[in-house]
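The hints should help you fit chain P with the ligand onto chain E, whose structure is shown.
First to last, the protein sequences are chains E and P. My numbering puts the first residue of the first sequence at 4, with every later residue one more than the last. My numbering puts the first residue of the second sequence at 69, with every later residue one more than the last.
Some hints could be false.
Think about it this way: if two alpha-carbon atoms lie no more than 25 Å apart in a straight line, the pair counts; the simulated DSS-like pairs of lysine-lysine are [said to hold, decoys possible]:
# : chain 1 : residue 1 : chain 2 : residue 2
1 : E       : K96       : E       : K243
2 : E       : K58       : E       : K101
3 : E       : K237      : P       : K276
4 : P       : K314      : P       : K420
5 : P       : K420      : E       : K225
6 : E       : K64       : P       : K314
7 : P       : K393      : E       : K58
Since the hints were derived computationally from the structure, they do not count as laboratory data.
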Amino acid sequence: MGKAIFKIIIGLLVGAGLWVGTMALEFPPVFRWMFFAYAILGTVVFLVLDAPSMKPMNGAKAFGAVLVFYVILCVVYIAGASLWPQYDPEDEKGKIEKLLKAKREASEQGKADELIARVKALDEQAKALAERIKALGGDLAPPVQGTGGPGAPASTAAAGDMLKIGEDQWQLQECYNCHKLKGEGGKKRGPELDNIGSLMSMDDIKQKILDPKSWMTEGFEKEFEKGKMPDKYKDLMEDKDVVALAVWLSTFKNTSVNTPKSIKKK
Amino acid sequence: MKPWPRSLLTLIGFLALFGGAAYAQVPGAPPVEFPYTGNRTAVWIVAQLHILFAAFILGAPIFVVISEWLGYRKQDPRYDRLAKEVTKVTVILYSMTALTGGLFIFVLLATYPQFTTWLINHFFMVFAVIYPLLFIGETFVLYTYFYTWDDWKGNKKARHIALGVLLNLIGTITLFVIDGPTSFMNTPVKGEGISPAEFLETATLWDKIYNYTWMPLNVHRLVGNVTFGGFIAGMIAAYMYMSTTKDEERSYYDWMGFVGNLIGVGALLFLPFMGYLLSYELCDYDASICPYMMADQLSMFFEMQGAMIGLIFLASNYYIWMSMKRIQGVEKVRMTILAPIVMVTLPVVMTKVMTDYPVPDPMSLAFLLPMLLSPVIFGRFIPITVSARTIIKVGFLMIVVGDAIWMTPHGFVPTGAKLVAELELPSDWNFLALMPAKNSAAFTLVFVTVVNYVIYNRAISQGTIVWGRIDFVSQFVLIFLAFSAIWTMGLMGAVRSLLRKYFHTYNLMPDFTAESFTPTLSYSAWWITGITVVFFSVVSFAIFVTLRASHPKDHVPEGSPVPAGAK
Ligand code: HEM
Chain E
4 MGKAIFKIII GLLVGAGLWV GTMALEFPPV FRWMFFAYAI LGTVVFLVLD
54 APSMKPMNGA KAFGAVLVFY VILCVVYIAG ASLWPQYDPE DEKGKIEKLL
104 KAKREASEQG KADELIARVK ALDEQAKALA ERIKALGGDL APPVQGTGGP
154 GAPASTAAAG DMLKIGEDQW QLQECYNCHK LKGEGGKKRG PELDNIGSLM
204 SMDDIKQKIL DPKSWMTEGF EKEFEKGKMP DKYKDLMEDK DVVALAVWLS
254 TFKNTSVNTP KSIKKK
Chain P
69 MKPWPRSLLT LIGFLALFGG AAYAQVPGAP PVEFPYTGNR TAVWIVAQLH
119 ILFAAFILGA PIFVVISEWL GYRKQDPRYD RLAKEVTKVT VILYSMTALT
169 GGLFIFVLLA TYPQFTTWLI NHFFMVFAVI YPLLFIGETF VLYTYFYTWD
219 DWKGNKKARH IALGVLLNLI GTITLFVIDG PTSFMNTPVK GEGISPAEFL
269 ETATLWDKIY NYTWMPLNVH RLVGNVTFGG FIAGMIAAYM YMSTTKDEER
319 SYYDWMGFVG NLIGVGALLF LPFMGYLLSY ELCDYDASIC PYMMADQLSM
369 FFEMQGAMIG LIFLASNYYI WMSMKRIQGV EKVRMTILAP IVMVTLPVVM
419 TKVMTDYPVP DPMSLAFLLP MLLSPVIFGR FIPITVSART IIKVGFLMIV
469 VGDAIWMTPH GFVPTGAKLV AELELPSDWN FLALMPAKNS AAFTLVFVTV
519 VNYVIYNRAI SQGTIVWGRI DFVSQFVLIF LAFSAIWTMG LMGAVRSLLR
569 KYFHTYNLMP DFTAESFTPT LSYSAWWITG ITVVFFSVVS FAIFVTLRAS
619 HPKDHVPEGS PVPAGAK
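If we strip away everything but chain E, and leave its shape as in the complex, we get (with noise of 0.2 Å):
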């Protein structure tokens, strides 16, 4: 007993000493938390060690006890996933919407082409049928007239601010996560952009998003060659997002970002 007061007394020791370590070094709250969690976590693993041994059980009481484990076990993994900050699937509802719009269009549009030309087909078959019966000289069936007329008109795009689409695109098809750009995102995985209007023109920007192996950035040679921008836009964005994302960026100005320039590769 004493030796597991002992050891309480220790992890909350060491618990408390992470605790104001961390805070010295400016680690914001919740991680000072964690760390102590985590002292916490090699306390009880400690105490666990040396406890003392179960007593074997048998029978009924065997059953109950293990049913009782696994009630736990759920209720700690639930509850422990819980616990974790919640990604808020109304965010992304709405930008997937967005995002599927012109592909969706485009695929019920593919079905009612397909309708169509079903139709059409049907329509063949019946004036053969109606060729052949007028060639027996049967009774004249009327012609069956097909009723698809062609589908839907395609959809005006949205007129609007062309900066408002372009900026959307930005955060739709989620630029942020390699380039910082106004301070927010990037975690260094490409250049920070603030500065890229004074170094390419919205025609050059297109073309990197269009292919991104037409342009190399220098400093980012490896990132090139590897082909760590990913080469999906041309098939995953329409033309005008790509020229409104293009001169969105283009409007980037702010020479005391230092954004890396890039060499002309195709």
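Leaving out everything else, chain P with the ligand in the frame of chain E:
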């Protein structure tokens, strides 16, 4: 279960598979709406259940055959008994695999008819010919393997073992084949400068199968399945240990639990590296997958994974610790002081080395290999030794430290878009959240575990094991390991599926349904737990009917209550 209902279940599975492949050729049925769960979660549940059963029936035979062979080599009947008991459970779960597989394809076709048809058509040979043939082969060989167990003995034993190897061969090929479409959905073939849709039109079946993540997924799953099989064997042993009062049975099941855990942990040691390989390939395919996983929407899923893996390593080492306590003479075991020194310095040194020479630079090995091997190479020249007890305790400390590093996030936010300074690591300490630190944490866990097993080995060569006398708590540890390993699988299965974002097939086949968003970790945890519980109930039931019912007289002493603990 009698053979005939078993075969019936398997047959239903087949019919569903063939029916599914045929039905996929008929276009046009509108999707159904699953009540309560919604379509996506419905598919999630059946798919994950199917994977769990499949993982077991593929993973268990691997060590069953090894165990059978060991029994043959060492002429130790315990190994043979273990192999046969696990096979019995496997045979029952085999029909569950077929059943859930059939259900899976049906649910898929009912909920996502367009996409499923598209996928089946792209892999028509696989779904309509190769997979069914493999499945039939597997069924045939598994049942033959099982029913010839008692006949092919003595000089026919080698033949029986060969059959087991064949079983594993078919099983592994089956896994590799089905991983084709699975990995294709994550990383479809692509070519530079051509759109994926165009490339796909000219791609051969082999191109589609041999995509970026196919091999990494194969390897990770193969090894993951062995871990999982080992831990389930441990759980079988725990159930049986608890349900018997006979000393000889207890010592047998104590031994079986140990062997199951040993196999589970042995394979577990490789998993972090294979996991990294898998994510490395994913990021190589499309570097934006990486932040989605580690920094954005799924970052907290990986926190949970870190927590789970930490717990699994803690528990498996705790089990070794308790196994050691029951060895008489363990106090005499000592080891070079270099071992604890390496343990303690490893996280720091390795983080530094991996930062300076990032993967895949082989230079890092030039530093790390000598360090890791130093206890073996230089140990004999340095006369200072430390007691086993001390080393193990230092080891536990380092496991906690390793877990701590593994779990320290870059920021306490569910998406990079919401990162603010109050929730972010100070930039001087950001390295704690980067790959080199995480690698070193994983390596520390692995290293400590290996040292513990080395100590264990020395202990048994110097002392005597008293089987059946292990601390009873260890049985709960075995159950815990099985439960947690399965939970982790469920979590990572969800992660792999979610990595496709709002696509069925990444960047190729958009998911237009309203459910294509990333669910919360909490929501996922509910379902993962539910799936784990269903799986556990079925497995527990299977263990109960096969092993308890097979020789009740040996197990239930006169007058004692029926040990319901066999659940
Ligand atoms: C000790 C460490 C690990 C363990 C025990 C482990 C275990 C497993 C298991 C059992 C599976 C399921 C295999 C199957 O479905 O047949 C799995 C899948 C997966 N693991 Fe790991 N893993 C570990 C480390 C990692 C790491 C470090 C990563 C990535 C950073 C990772 C990423 C994944 C992914 C993405 C899957 C999904 C594959 C799928 O289910 O289709 N794993 N893991």
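Results for each hint:
A C-alpha spacing of about 22 Å is found between K96/E and K243/E, which places the hinted pair at or below 25 Å, so the restraint holds. Distance check on the hinted pair: K58/E and K101/E sit about 61 Å apart at the alpha-carbon level, beyond 25 Å; violated. Only pairs whose Cα atoms come within 25 Å are accepted, and K237/E paired with K276/P is accepted, the gap being roughly 22 Å. A C-alpha spacing of about 54 Å is found between K314/P and K420/P, which places the hinted pair above 25 Å, so the restraint is violated.
Distance hint between K420/P and K225/E is fulfilled; the C-alpha atoms sit about 21 Å from each other, no more than 25 Å. Of the supplied pair hints, the one linking K64/E and K314/P holds, its CA atoms being roughly 17 Å apart against a limit of 25 Å. Between the alpha carbons of K393/P and K58/E the distance comes to roughly 15 Å, so the proposed pair stays at or under 25 Å and holds.
Of the hints listed earlier, those the structure fails to meet are numbers 2, 4, in rising order.
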